Amino acid sequence: MSEQQKATPVNPPTATATWFGSWFDSPYYHILYKDRNYNEAQLFMDNLTQYLNLPEKAKVLDLACGKGRHSIYLNQLGYNVLGADLSENSIAQASQHTNAQLQFKVHDMRQPFDEKFDAIFNLFTSFGYFENEQDNLTTLQAIRASLTDTGFAVIDFMNVTKVLQTLVPEETKTVDGIDFNLKRYLKDGYIYKEIHFTDQGQEFHYTEKVKALTLADFETLMEQAGIYLLDLFGDYKLKKFYQNQSDRLIMLFK
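Using UniProt numbering, read the sequence shown as starting at 1 and increasing by one per residue.
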């Protein structure tokens with residue numbers, strides 16, 4: 001659960017950092033999660049685009065794209081890709097890879113786009129971290145409004161049931177000489193990860209936070225948003241979803 005966020009440095013350089021912006025924009029976010037599996041991400045994109053049978057040069061939106069690892073690979077597969085994210089720092093880094101068929105922009109996922117897409121991908125649990133739960137429905141409505149009539153959308157979310165069964169309450173990860181002390185717990189329907197560490201004599205405390213949305217929760221939200229759930233997968237190889245066993249909850253809808 002590395003994609004959700006609420007962040008407050010103990011000694012912040014400014015007092016104006018927002019909960020949804022400061023952790024993603026922090027260099028420590030990218031340090032802690034530097035060992036993500038890029039081969040697995042590419043395998044997922046291969047399997048997904050083949051399953052959807054997207055036409056050549058289809059318009060694809062990578063919603064909450066981070067530094068653009070999925071966007072860049074989707075573009076290499078031949079698609080016309082827009083990567084969008086709320087983090088200005090992430091978009092600045094991703095934009096180094098811009099070309100005629102690959103663009104990036106700062107965008108709030110709660111807002112629909114001025115253009116429509118053949119496919120919209122929201123990947124790696126980049127959903128459910130808003131303080132106001134109504135924003136989850138607003139986001140789904142924005143996705144619906146940004147799809148073409150024949151377009152598909154995919155949300156790749158954690159499987160909350162398995163996450164809660166296997167939650168590690170406390171651990172320490174050392175990356176680039178920094179000891180990240182991690183604490184995880186469920187509270188008020190949200191899964192939290194508190195991150196404490198010290199770097200160059202300064203203490204930091206960030207808190208990732210994501211709504212513990214189950215398949216039933218998504219089904220309710222999708223019905224309210226006028227979205228039709230077409231298929232479910234339980235991992236990046238697109239195997240069947242099993243509530244107590246699958247690592248992921250991957251939902252295909254239109």
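Calculated from the structure, these hints are not laboratory results.
It should be emphasised that the depicted structure is a prediction, and the values quoted were computed from it without experimental measurement.
A portion of the hints provided could be inaccurate.
Stated by the list, open to error - Pairs of lysine to aspartate or glutamate, EDC-like flavour, derived with a Cα cap of 16 Å:
# : residue 1 : residue 2
1 : K211      : D176
2 : K187      : E133
3 : K237      : D118
4 : K173      : E194
5 : K173      : D35
To be verified - Simulated restraints on C-beta separations:
#  : residue 1 : residue 2 : range
6  : D108      : T150      : 23 to 33 Å
7  : E171      : G201      : 43 to 53 Å
8  : K34       : V168      : 13 to 23 Å
9  : L229      : T174      : 19 to 29 Å
10 : Q202      : T150      : 47 to 57 Å
11 : P169      : D199      : 18 to 28 Å
12 : N53       : G226      : 29 to 39 Å
13 : E203      : P55       : 22 to 32 Å
14 : E219      : S95       : 34 to 44 Å
15 : I178      : E219      : 15 to 25 Å
16 : K173      : Q202      : 44 to 54 Å
Glycine residues also receive a C-beta, built at the ideal position from the N, C-alpha and C atoms.
Verification of the hints:
1. K211 <-> D176: violated, 30 Å
2. K187 <-> E133: holds, 15 Å
3. K237 <-> D118: It is violated: about 22 Å lies between the C-alpha atoms, which goes past 16 Å.
4. K173 <-> E194: holds, 13 Å
5. K173 <-> D35: holds, 12 Å
6. D108 <-> T150: 23 to 33 Å: Since D108 and T150 have Cβ atoms about 26 Å apart, the given range 23 to 33 Å holds.
7. E171 <-> G201: 43 to 53 Å: violated, 24 Å
8. K34 <-> V168: 13 to 23 Å: holds, 19 Å
9. L229 <-> T174: 19 to 29 Å: violated, 41 Å
10. Q202 <-> T150: 47 to 57 Å: holds, 52 Å
11. P169 <-> D199: 18 to 28 Å: Once the Cβ atoms are compared, 24 Å apart, the range 18 to 28 Å for D199 and P169 holds.
12. N53 <-> G226: 29 to 39 Å: The hint (29 to 39 Å, Cβ to Cβ) is violated, given that N53 and G226 are roughly 24 Å apart.
13. E203 <-> P55: 22 to 32 Å: Roughly 52 Å apart at Cβ, these two residues miss the hinted range, so it is violated.
14. E219 <-> S95: 34 to 44 Å: Between E219 and S95, where Cβ atoms are some 36 Å apart, the hint holds.
15. I178 <-> E219: 15 to 25 Å: Hint violated: Cβ distance 40 Å, outside 15 to 25 Å.
16. K173 <-> Q202: 44 to 54 Å: violated, 19 Å
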